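A.B. asks: Each chain, written out:
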Amino acid sequence: MVSITNAHNELIYDAVLDYYGKRLATCSSDKTIKIFEVDGESYKLVETLEGHEGPVWRVDWAHPKFGTILASCSYDGKVIIWKEENGRWSQIATHAVHSASVNSVKWAPHEYGVVLLCASSDGKVSIVEFKENGISTPTVIDAHAIGVNSASWAPATIQEETVLSTNNADATSSTTGGNKSVKELRRFVTGGADNLVKVWNYDETAKTYVIEATLQGHSDWVRDVAWSPSVLLRSYIASVSQDKTCIIWTQADSKDPWKKTLLQEEKFPDVLWRASWSLSGNILALSGGDNKVTLWKENLEGSWEPAGEVEQ
Amino acid sequence: MVKLAEYPRTATFAWSHDRIPQIVTGTASGTIDADFSNESVLELWSLLATEPKKPIASLSTDAKFNDLDWSIDNKIIAGGLENGTLEFFKLNNNKTKIESIGKFDQTHKSAVNTVKFNPKQSNVLISGDNNGEILIWDTTKAVNHGSVVKDYTPLKPGTAMTSIEEIHSLAWNQSLAHVFASAGSSSFASIWDLKAKKEVIHLSYTSPVTGLKPQLSVVEWHPTNSTKLVTATGSDTEPAIIVWDLRNANTPLNTLVNGHSKGILSLDWCNQDEDLLLSSGRDNTVVLWNPTTGEQLTQYPPHGNWLFKTKFAPQAPDIFATASFDSKVEIQTLQNIVNELDQEQNVTKQQESETEFWNNVSHEESNEKPIVKKLQAPNWYENKSPAATWAFGGKLVTISEDGKSVNITKPIVPGLEQNIALNE
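Chains as they are written, first to last, in the numbering used here: chain A, 1 to 312; chain B, 1001 to 1424.
Derived from the structure by calculation, the hints contain no laboratory data.
Computed from a predicted model, the values in this text were never measured in an experiment.
One or more of the hints may lead you astray.
Unchecked claim - Mimicking EDC-like on lysine to aspartate or glutamate, the simulated pairs with C-alpha atoms at most 16 Å apart in a straight line are: (1) LYS1384/B / ASP243/A; (2) LYS1410/B / GLU41/A; (3) LYS31/A / GLU1382/B; (4) LYS244/A / GLU204/A; (5) LYS292/A / ASP1402/B; (6) LYS1384/B / ASP290/A; (7) LYS1404/B / GLU1382/B; (8) LYS1373/B / GLU53/A; (9) LYS1410/B / ASP39/A; (10) LYS1374/B / GLU53/A; (11) LYS1410/B / GLU309/A; (12) LYS1003/B / ASP142/A; (13) LYS1374/B / GLU41/A; (14) LYS255/A / ASP142/A; (15) LYS1384/B / GLU184/A.
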């Protein structure tokens, strides 16, 4: 449909369209981020953002209700928040709490506010909320020994709980007055250089994120994790690894154990670097070191089948 | 994460070849502990241990260690001991115990200074001693049913061009399993070919400043190119790392200088990224270089004594270990960037009262940061895929094969055509 040739002089590591599909952000080993306006089959470079001191690994657009805001992360250990106002781009914040490369940035579901999740090779993830008056104190948690490669939010879900029938610790944090409480379940998933996938959720009493599950299944670095944004009957997480496999982790209810399904039994021809879920319909796109993008969907029997390959 | 672990030992070490590596440390020779104990111990450590200060396993040995190496298949650990013994060890099945498989205490006639397993054939080991003797071992013959074969005789590498003095460093060629290099107390580094059964090339470096030929104490091969290697001078007056291409063995390809102020004791060329090389030495520092461009990338904070061994974790090269004569084996990350949390600590420190300052200063862990001269990302960070991401409307954004262009497409997924049409 659109092909933007020679967008950067050096390697591009990530390219992401905004909510309306009108703006494309790309980031590169040349330390810059470029913003293109895309209209039908035409495109135009509108800005080159300079500020990082190392290769820029990933970018993510905030929800448009907060304005035109982009987050970027780099080997320089920093996350920069960029904003466009009246056609002018500027840095509005720098988030520098990590002591090594920041490998992924992801904005939380907009229901939570302007909240960013960052994963770093220093073994930590940080969650930071940007407020009108500046930055709130970031939450920094130890996630994976030897480094975190990727982190991804769960879609915003509201969980209804019947207080009387569930006589557990969660009941204490519920609102009083009825026998039903409405609880927001903030969760995310991380993948690390310790070959593990971990699921985290927000603990109201501890005021931080605590581990919900440690998922073992990969035999090498987990390169990417992606939590399906579709609110379906089950939660879906895809994890891809240096071990050339993709695992689909599913959970029917947030109290249930996670179920592991190998996307396909045989290994892929090369390392799997990225996983991305379509915004509706739950189509999974996998990007491999063999330069192929393959698409996958679940069939009625609950196993995964190919849904095509993307022509480059 | 900065410093991942610090073991209070003056010890040499070897990494396992795992993504989540283990490390063994062996009491270093030529040192006396604070309690004047003469004991030597081989210890196993895990980076993920709940009690990081406590070894998982330990084993007493007859003598102290000059060097340790772990075979590529992780099955055997070889130790070169100061009393001339070469000893083989293994871990039990659940990696919680170290066992001695046995030792050869008569084969070498002097201290075994260095041992190196072959990166291609995990059963082949070379060892070099203080008298200049080099021996080639085949562990499939030297070790049988879990213990050493007493009447086993290792091979000799063949004819030397000149007399070989003390051997301090041995390195296998990373692509040719029959080629290795040796260096020691002389001004020569030697390249040996086991097929030709002789020393085939003699390298020496003439200093452009003094015109002298300094001692070449360390040697290390390029991770993939079979003709390239580096040597380092042990000279305190002119510390240098010399990059060679054997196709022109008379002139160095490149010389890395101004990184160390005293003799270099250890080199490690990263086996995952040819543009990264670690060096350490008698000036108590570690330097990260790009040996291709000759640039210094990072200077790590100095220790209290000589750093005699520095090695990347072979399968987790974001971390490396250093051994120093000030009773420290330290495991740290390549990157340790100054961040806002450190600055907060500094602010707190400035607000301390005088008494608080002197109370805290004695037992504070120093968090001195490395000096980054040039930020160069290791190649294992780089996404090497089309990095496909979905957008609204069933659009998919991908990066082209050359990594420089971006495509936006609308893939047709069988059975889902209608859904995508709805999004239009």
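A.B. asks: For the pair supplied as a hint, LYS292/A and ASP1402/B, is the alpha-carbon distance within the 16 Å limit?
C.D. replies: At roughly 13 Å apart (the allowed maximum being 16 Å), ASP1402/B and LYS292/A satisfy the hint.
A.B. asks: Is LYS1374/B close enough to GLU41/A, meaning Cα to Cα at most 16 Å?
C.D. replies: With Cα atoms ~40 Å apart, LYS1374/B and GLU41/A exceed 16 Å; violated.
A.B. asks: For a C-alpha distance cap of 16 Å, please report whether LYS1374/B and GLU53/A respect it.
C.D. replies: Roughly 10 Å separates the two Cα atoms, so the pair holds.
A.B. asks: Against the 16 Å threshold, does the CA-CA distance of LYS244/A and GLU204/A hold or violate the hint?
C.D. replies: violated (38 Å)
A.B. asks: Given the hint that LYS255/A pairs with ASP142/A, does the C-alpha gap stay at or below 16 Å?
C.D. replies: Roughly 23 Å between the alpha carbons, so the hint for LYS255/A and ASP142/A is violated.
A.B. asks: Is the hinted pair LYS1410/B and ASP39/A satisfied, with a Cα-Cα distance of at most 16 Å?
C.D. replies: holds (14 Å)
A.B. asks: Holds or violated: are the alpha carbons of LYS1410/B and GLU309/A at most 16 Å from each other?
C.D. replies: holds (12 Å)
A.B. asks: Taking only the CA atoms, is the gap from LYS1003/B to ASP142/A under or equal to 16 Å?
C.D. replies: Holds - the C-alpha atoms of ASP142/A and LYS1003/B are around 14 Å apart, at most 16 Å.
A.B. asks: Would the pair LYS1404/B and GLU1382/B pass a check requiring their Cα atoms to be no farther apart than 16 Å?
C.D. replies: holds (14 Å)
A.B. asks: Is the hinted pair LYS31/A and GLU1382/B satisfied, with a Cα-Cα distance of at most 16 Å?
C.D. replies: holds (13 Å)
A.B. asks: CA of LYS1384/B to CA of ASP290/A, is that 16 Å or under?
C.D. replies: holds (8 Å)
A.B. asks: Tell me if the straight-line CA distance from LYS1373/B to GLU53/A falls inside 16 Å.
C.D. replies: holds (12 Å)
Checked against the numbered hints listed earlier, the structure breaks hints 4, 13, 14 and 15; every other hint is satisfied.
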